[in-house]
Amino acid sequence: MRGRLHAWDVAVLLLLAAWATPFFWQVRTSFTPDTELLATSRVLPARPTLIHYQAVVERSVMPQALGNSLAVASLTTLVALAIGVPAAYGIARLPVPGKGLLLLAVVASTAFPQITTVSPLYLLMRALGLRDTWTALVLANTSFALPLLIWLLAGFIREIPIALEEAAFLDGAGRLATLRRVVLPLIAPGVASAALLTFLASWNEFLFAYTFTATEASRTVPVALALFPGVFEIPWGDIAAASILASLPPIVIVVGLQRWLVRGLVAGAMKE
Amino acid sequence: MTARQRADRRAGLAFVAPAALTLAALALYPGLWVLWLSLQQRIPIFHIARFVGLDHYAFLASDPRFWNAARVTLVFTVVSVGLELVLGLAVALALQRQRAGRRLALSLLLLAWALPSVVTAKLFEWLYDPSAGLVNVLLGGRAWNWLGDPALALPGLIVADVWRTMPFVALLCYARLLTIPPEVYEAARVDGAGRVATLSSITLPLLRSILLVALLFRTLDALRAFDLMYVLTGGGPANTTETLTVYAYRTLFQTLQLGFGAAIGVVIFALVMLVAAGYLRALRREGLAA
Numbered sequence: 001m002r003g004r005l006h007a008w009d010v011a012v013l014l015l016l017a018a019w020a021t022p023f024f025w026q027v028r029t030s031f032t033p034d035t036e037l038l039a040t041s042r043v044l045p046a047r048p049t050l051i052h053y054q055a056v057v058e059r060s061v062m063p064q065a066l067g068n069s070l071a072v073a074s075l076t077t078l079v080a081l082a083i084g085v086p087a088a089y090g091i092a093r094l095p096v097p098g099k100g101l102l103l104l105a106v107v108a109s110t111a112f113p114q115i116t117t118v119s120p121l122y123l124l125m126r127a128l129g130l131r132d133t134w135t136a137l138v139l140a141n142t143s144f145a146l147p148l149l150i151w152l153l154a155g156f157i158r159e160i161p162i163a164l165e166e167a168a169f170l171d172g173a174g175r176l177a178t179l180r181r182v183v184l185p186l187i188a189p190g191v192a193s194a195a196l197l198t199f200l201a202s203w204n205e206f207l208f209a210y211t212f213t214a215t216e217a218s219r220t221v222p223v224a225l226a227l228f229p230g231v232f233e234i235p236w237g238d239i240a241a242a243s244i245l246a247s248l249p250p251i252v253i254v255v256g257l258q259r260w261l262v263r264g265l266v267a268g269a270m271k272e
Numbered sequence: 001m002t003a004r005q006r007a008d009r010r011a012g013l014a015f016v017a018p019a020a021l022t023l024a025a026l027a028l029y030p031g032l033w034v035l036w037l038s039l040q041q042r043i044p045i046f047h048i049a050r051f052v053g054l055d056h057y058a059f060l061a062s063d064p065r066f067w068n069a070a071r072v073t074l075v076f077t078v079v080s081v082g083l084e085l086v087l088g089l090a091v092a093l094a095l096q097r098q099r100a101g102r103r104l105a106l107s108l109l110l111l112a113w114a115l116p117s118v119v120t121a122k123l124f125e126w127l128y129d130p131s132a133g134l135v136n137v138l139l140g141g142r143a144w145n146w147l148g149d150p151a152l153a154l155p156g157l158i159v160a161d162v163w164r165t166m167p168f169v170a171l172l173c174y175a176r177l178l179t180i181p182p183e184v185y186e187a188a189r190v191d192g193a194g195r196v197a198t199l200s201s202i203t204l205p206l207l208r209s210i211l212l213v214a215l216l217f218r219t220l221d222a223l224r225a226f227d228l229m230y231v232l233t234g235g236g237p238a239n240t241t242e243t244l245t246v247y248a249y250r251t252l253f254q255t256l257q258l259g260f261g262a263a264i265g266v267v268i269f270a271l272v273m274l275v276a277a278g279y280l281r282a283l284r285r286e287g288l289a290a
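These protein sequence lines are chains H and D, in that order.
Residues 1 to 272 (this note's numbering) make up the first sequence, in order.
Residues 1 to 290 (this note's numbering) make up the second sequence, in order.
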């Protein structure tokens, strides 16, 4: 924080804290014993408890779902970067035949509604024997993450002075070596931003995961949360604890890696 | 062609090939397949698969459930996006004057945006609970059944969506505001422009283009939205929150009519592309789009 807080700053912070209330309320609920759930007049529970977290960790599918989500989101990010970084470099710098068409396809597919392709993708995954696997989710999520990733990275690459690459070329480096040793280090912050956005999108993704999975073996966090079982009444405390666990990676990204997140978001909207 | 140009061409092809093949296999191919699917009657559990031409589309034209879903989608999109733009702009202007605590402010702001929409649905399901939900408590102990009352469910859904997506608009506007050089405001002050004049003749015109971009992104996302309503209300009560996407999903995977569901998906796709094309024309008139 720079300088002292003025009245205006405090007012803005209070306003934004108020906006975040639905989340804070869920945090409160996750520590509130069931007997106190109706006592909404208190801001904090009288007897805070970890019983909901214990229930979620010990007796729900959440731990496995967290593992699945972590694996699917990480693999999606790695695969999308491995495919997307060279493609972005090719589009930004190299004379690729049919480049205009490819660029059009990239832009058009960012507007693709998931609901339109979910049925053929479902039939495709079933035909390939990939139902209820991580692979199906990684493939589907990658196809949706790629266009934005390529778009973002191509923008970052265009900002690098081309003279640096020329120098590498004169030293006898091929395109791959130039990409690895000159371009990649320079766009590292941009790659971090694109990777964060891809990870976040994949962590939050629901429609594909809900459709392509069938058992705990591959169900991700959003699916497990949507299907959270309640036998006679809704277990609000357990659901709250599960929601907080599902929110941990997004919170880490927003609070700890904010600079890269903001850069990626803003660049995606402002680059023409 | 020099040796270097030939080498660059080969490298370029090799670099873009994996991405082009992935998009072809997982976006273009399903995109064409869904068109073909939409011309068939496909009900796998009854082993029905036959070509019906444009029958599904003809049926949609007189399908009251489709027109209801189209209306819900339209209301949801227009009201949500409108509120998001107004509130997002207001928050951005408030942030612009902030000196200290910006990082904390952005953390609080972006939290709602970064959460999985399924989590948002669960947060609001609890907030809207008729007996113990915070919303009714804050409204003075009412017993309104937010998600069960046909008159309240769509407004309740829209509030949840605005909560989730306003931060995106605010962030874009705020980022644009940061690029305005302080000298511009300095000059306006020297010229004796008041706060209102500065806002209406300097700040807002400079925000015009980013607002259009935000409008484009948010409209496309609202038209395609699915997770929030599917988990929060499931399209109910009495289909009052059933958007086109929820109708398509229920048709595809609950009644397993793959061909008919595909046709609804194609209509959504056409709608999204139509809106995108309209906005891009507007942006081009502004001299913005590539």
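Derived by calculation from the structure, the hints in this document are not laboratory data.
This structure is a prediction, so every number in the text was calculated from the model and none was measured.
All C-beta atoms, glycine included, are put in the ideal place defined by N, C-alpha and C.
Hints may contain errors.
What the hints assert, rightly or not - Short derived list, chain D residues pointing at chain H, Cβ under 10 angstroms:
1) Leu109
2) Leu138
3) Leu152
4) Met166
5) Tyr185
6) Ile268
Unchecked claim - Covered stretches of chain H, going by a simulated chain D footprint (3 or more residues, C-beta under 8 angstroms):
7) 60-66
8) 150-156
(request) Check, residue by residue, whether the segment 60-66 of chain H contains three or more positions whose beta-carbon lies closer than 8 angstroms to a beta-carbon of chain D, and give the verdict. (result) violated (count 0)
(message) Quick check on D/Tyr185 please, does its C-beta sit within 10 angstroms of some C-beta on chain H?
(response) 16 angstroms, violated
(message) Does the closest beta carbon of chain H sit nearer than 10 angstroms to the beta carbon of D/Met166?
(response) 8 angstroms, holds
(message) Given a cut of 10 angstroms on the nearest C-beta pair, is the interface hint for D/Leu152 held or broken against chain H?
(response) Not OK, violated: D/Leu152 not within 10 angstroms of chain H, min 17 angstroms.
(message) Using the nearest Cβ pair, does D/Leu138 come within less than 10 angstroms of chain H?
(response) 9 angstroms, holds
(message) Does the closest beta carbon of chain H sit nearer than 10 angstroms to the beta carbon of D/Ile268?
(response) Hint on D/Ile268: holds, closest Cβ of chain H at ~5 angstroms, below 10 angstroms.
(message) Given D/Leu109 as an interface hint, is its Cβ closer than 10 angstroms to any Cβ of chain H?
(response) 5 angstroms, holds
(request) Report holds or violated for chain D covering the segment 150-156 of chain H, Cβ cut-off 8 angstroms, minimum 3 residues. (result) Since 1 is below three, the answer is violated.
The structure does not agree with the numbered hints 3, 5, 7 and 8 stated previously, though it agrees with the rest.
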